[in-house]
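Enquirer: Chains as they are written, first to last, in the working numbering: chain A, 945 to 1909; chain H, 6 to 498.
No wet-lab data here; the hints were simulated from the structure.
A virtual CB, placed ideally from N, CA and C, is assigned to each residue, including glycine.
Be a bit skeptical, because a hint or two may be false.
Which stretches of chain A does chain H cover? Using the computed rule of at least three CB atoms under 8 Å from a CB of chain H, they are [said to hold, decoys possible]:
(1) 1457 to 1466
(2) 1651 to 1665
(3) 1791 to 1802
(4) 1884 to 1895
Calculated pairs, DSBU-like style, for lysine-lysine (alpha carbon to alpha carbon, straight line, at most 35 Å) [said to hold, decoys possible]:
(5) 388(H) to 1782(A)
(6) 388(H) to 412(H)
(7) 388(H) to 1291(A)
(8) 366(H) to 1387(A)
(9) 1893(A) to 263(H)
(10) 1756(A) to 1163(A)
(11) 1893(A) to 388(H)
(12) 51(H) to 1251(A)
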Amino acid sequence: MLGLALALLASTRSPAADVDLSKLPPPASRHIDFATDIAPLLADKCLGCHSAEQKKSGLNLASRQGALQGGENYSPAIKPGQSAQSPLIHLVAGLVPDKLMPKKGDALTAQQIGILRAWIDQGAIWPDGKTLAKAAAHWSLKPVVRPAEPKAKHPNSKIKNPIDSFVVAKLEEHKLSLSPEADRRVLIRRLYFDLIGLPPSPREVDAFVADRDKEAYEKVARRLLASPRYGECWARHWLDVVRFAETSGFEVNTPRPNAWRYRDYVIGAFNEDKPYDQFVSEQLAGDTLGADEATGFLVGGASDLVKSPDPVLTSNQRADELHDMVGTTGSAFLGLTVGCARCHDHKFDPIPQTDYYALKAVFAGVRHGDRRLTGTNTQSWDQEVKDQRQKLAEVEDALVEFEPLAQIGSVDTNRLRVPVNARLNIERFAPVAARRLRFTIAKTTGAEPCIDELEAFSAAAPSRNVALASAGTKATASGVYPNSELHRIEHLNDGQYGNPHSWISNEAGQGWVELEFPETVTINKIIWGRDREQQYTDRLAVDYRIEVCVESNDWKMVASSADRQPFGAGTNATEAFSLALLSPADGDRVRRLLAERTQHETRLKELADVPMAYAGQFDAQPEPTYRLYRGDPMLPREIVAPGTLTAISLKAGSESAGADDSCTDCCASNSACSLSLEQQRRVALAKWIAAPANPLTARVLVNRLWLYHFGEGLVSTPSDFGVNGATPTHPELLDWLADELVNPKCDPAAAHPWSIKHLQFLMVTSAAYRQSGNSRKEGLIGDASSRYLWRFPPRRLDAEAIRDATLAVSGKLDLRMGGPGYSFFEPNDNYVRIYNPKQNYGSEDWRRTIYGTIVRQRPDGVFGAFDCPDAGQIAPKRARSTTPLQALNLANSRFIMQQAGFFAQRLEREAGHDVDAQVRRAFTLAFQRQADPVEVAAAEKFVREQSLKVFCRELFNCNEFVYLF
Amino acid sequence: MKDHTLSHAGRWLLNRRDFLRFGGSGLSSIALAMLLADERLLAAAKPPIRPQWSPEHPYAPRPPHFVPRAKQVLVIFCAGACSHLETWDYKPELIKRNGQPMPGGDKLITFQGENGNLTAPLWDFKPRGQTGKMISEMLPNLAELADDLCFVHSMTAKSNTHGPAENQMSTGFTLDGFPSMGSWVNYALGTVNQDMPAFVAIPDPRGVPQVGPNHWSSGFLPAVFQGTAFNADTPIPNLATPREISPATEQSSRDFLKFLNQRHLERHPGDTDLSARIASYELAAKMQISASEVVDFSGESKPTLELYGVNDSNALKARFAKNCLLARRLIERGVRFVQLFNGAYAMGEGVGNWDGHKTLKKQYSVHAPILDQPCAALIKDLKARGLLEETLVVWVTEFGRMPTFQKGADGRDHNPHGFTVWLTGAGVKHGFSYGATDEFGHKAVENEATIYDLHATILHLLGLDHERLTFYHNGIERRLTDVHGEVLTGILA
């Protein structure tokens, strides 16, 4: 495996002179057999790069001739009889600095080197004409080859499409057979829940049962695939795969209010049958493809918002963020556990540690955060914001002149100024000379006082702020909030507004600040605030005085809170203007100015409300990526360039590739490329993943589709197609489906390449899917979990389907699509967010479950117990467990009781007051079938003795309600 | 111990029969996946032992890997990072050099930034019990138990921020989304009392810690193994039958539901998932009774209530005391894993938890009395009732605190490099101290221990090999201890 890098060593044709031979492990002392000792070693360690097909550096170690001939840099590679002088030995032993071979995978052990040496010393015996083949690639890394459709031994009239040929062939191998087609009521219920996550209405059931058309079933399938409800159901599966949630996770678990746009994007992508290659590309590089929201994928995972000056913690947090992106990209699209190569080469799969860091480099410029959606014209937006801010400042300047003077000494209580407010307060007074100015706080609205900026204006025109540090003024304080980057005394007069540039005292409720001007100035106005960005209203000084002095201690008060109305209830905390104290003419003028101010503020707010998406932010010039020894950010090693996985080659006929598939190829050669370096990386990765020749992308996707339709994947480890993953039960079918996805041949006129709906239509119209879910003895004995599909494998519905079905049956389901979600929790804005499940539900809570804001760590209080993922890690496949908490939630929760009440009202509305009719209607609504006479009798008795509402509650709790057959 | 072995063997036989019974018909696909993957892994040196559980009896007791020393676990978690220097780790040098700069500490940036000088513990230390163990006066009642406790003074954590560090202490991983220790134990061993949840988390009366439910989450394990959270004030959500449904109606409802489910089952013979779900309603009904009974303290004697401080005038202490009493009642009823929390984060830094960054003395003076008597009473009561024979108690917190005060503040910053946890009860040495930090209590220097080691030890005491208790998820045989951990044999009795 003497890699490409050897080209750099061209001058060192005979390295023997430079290397320290004392470091060579000794040769083995036994006889070496080529077939058992050497061939497997070369195949495993070298032929990946140095084979007949792929001669890195011109070296081919597959034949004796090649080994003797050597490569571009070393010739020969081995010198028979002289292992210590053989370049191959020097390179595998790491004697040539930085050129340890193999480049990928574990280094040779001393014992292996000893064996190689002994073999060379014993004459490098290589059987005549023997050519080695490299170790066979893992099945999933081999190119997809469309297999021929198998012919069933017993021609079977049940076969509907090629899927069935594969399924039947496998069943025959196991002496099993398909079950008969399911009853139509069962079938339509299955198809509805599977494709749209909702039950069919009784009318839809009856229409299907009565439809004589041979294509009746196909018609329903087509209709459901075209329904907007379909995307709402299938988007949820994808959100599991990519660990999507709308909060940050970890300690503070803060909401991401703009994350919902990614959810809507995924729903839309499914509904419009976006080609999967495009779907992949947009999620990695949607900012370059007109699909900004799609990159919500990159930042859909948890991120630790608790920041610290500790550099170790900061590096670890960043490394974890990028790890999440690398790991999720690998598992979601490629079905590979790339994340396992963070600390060392992958233990099972051919993913060297450098591959992990090559992928990490692709994302090195991606940061968590909201991004303004493009499409809003950025340039004119920026300009208007600037203009509006300017106009607003002018209005405020004009307003200040009408502010009454502060009263010093005895206060006229009829002329009290407005109370203090958090945004901005003005103190006007007769011009006064000052060398120093002191602002003393005796009381706050709570906690240590905060001032974001203290300004003092010169009396002479043009008035200017003489308090600025840039004007030479020094600020001091009684104390400063400890260990804070945000709240420093320097921030008091730095010209920057807002909480992040403020001073906070170190004492609760009190403190003082002092300005020392560079010379004595004459001032007549002071402006101060707690947070002019209006994010915070706490820590506001409510009892204060402002004094100035010229000489050392001749302090003189110029303004104080004494002549302000008391802060508190009944006062308008945002209105900083003392309108009542003005003459009628001035009053009119001020009102006009205030109106203008409101106008500008409203417009600024509108401008600030441009669509944002939690879709990440991109550094155009990312920092370099280093390989981290043992994954430790404090132990960086060499720089790693962006790249893809070296074990996968997109070149036809080749099973392995090296660094040639470099990720930056697409643009590196194209100087006209308008993308940033950072974007080029992601675009290149997207192209590589979405390439038709990528052996994993299509296989992984079709397997996911199969999993959700049939309850288990053909590969039961849907995000691990590696060596440690499961082997496919139906490998040929998997490849047939993968090829059909990329190159549709069944009904090609109707299907476009990478069409998800096309594949799903084939799956749900197969006989394998349409067969009965009832158990058969021979099936249970031979294949209890129905992996070979002798029946449709029954399953419990997912949490979302149970909740949506409850709402659909009660008649309350609200089908409004898209937009910000509703919450499963009581409102709360604690710093460390508290999520208490809601106890009272209103109509805003009756939208489909997918529109409920997903809180990491906290699935919904009622339905989360049904194995809802907590979005901490990816959930490629949900567990389906049965727990007593599920039973308690369905039996006793307020949500279910309320819906049971609505269901009962609906029955009375639709079936009148006849209990018999109510009961019959209830069965058709809840179970999509008629009640039999025994059930009707029992149900009627129950309703008469108890109540219709409690009867409805029991239906929601039935196995039949939550199981799909 | 002998009885123990016998009952364990008996249980194992019983369980094997269960397994064979379910193996024939309805083992879910999970089981098949297990078997398939096992084949591949048989060659490994330490092949995984995946618990064989059936969906119908998910909590049925399952055999450990070897004879256990403990059957049940009680973890006491002090949220916010309780300072080892004010409590268990006596450092005379720190007292001596109070107010001096820490050698090598001048440029040290920790979680909240710069640090000031070394600061002596804010409470005095005294020798305790036969062993003369030096423990501070901050927790006098717990200090009295010194002869029963087994201290690990050399604990280290991977993260110095609460969220990831809490994750690590309770799940083994700093990231979100991994199964908690209790859910691993539940998955491995099931439980004895089928009327109670196998794994109960008791949140503090003030709320939940920073990462809240991650502490008792099942992560990617089936949800059936997750912890059930309730305390003396707040019952299991949706436990109570709605008020509008009378007991008679409820009984008749259950019969009616069972009738419908039985008919459905008759149409689908052999589908054990369906009978598992019917069984879950029966378990829920039992739990309604047992989980209500367990928080009903009317049968407790007056001396017991007084021992805990259940009626203390300090309302928070009284509420925490009830949680401690609840913990004992749960252990008494055979609950496999109980997690008792002291401290919550909702109120902010250090206010309702042990995160004493700025005003440590003031804050700990509030927290210590809440923890001390009730928690000490819990240990004493467990011991008096013989429950410590088979119960392992572990006191933990997310990490330690700095020997210095923070610059410009009267409290200590986070310190993951050295802190103390203690254990007591089944299987560990008593009146014993293991490992040590340096002269100031900054870094572990002797017998450095990791949270992986602690977890490996807890599993070991339960008869479980931490390297073999695995669950296959996304390409990896996941373990509580990741790829690390060694049993702390030095603390085993």
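Enquirer: All hints are to be evaluated individually against the structure, with a verdict given for each.
Expert: Quick rundown of the hints versus the structure:
1. 1457 to 1466: violated (count 0)
2. 1651 to 1665: With 6 residues close enough to chain H, the hint holds.
3. 1791 to 1802: With 3 residues close enough to chain H, the hint holds.
4. 1884 to 1895: holds (count 6)
5. 388(H) to 1782(A): This hinted pair is violated, its Cα atoms lying about 41 Å apart.
6. 388(H) to 412(H): violated, 44 Å
7. 388(H) to 1291(A): Given that 35 Å is the threshold and the Cα spacing comes to 47 Å, the pair is violated.
8. 366(H) to 1387(A): holds, 25 Å
9. 1893(A) to 263(H): holds, 17 Å
10. 1756(A) to 1163(A): holds, 27 Å
11. 1893(A) to 388(H): violated, 50 Å
12. 51(H) to 1251(A): violated, 40 Å
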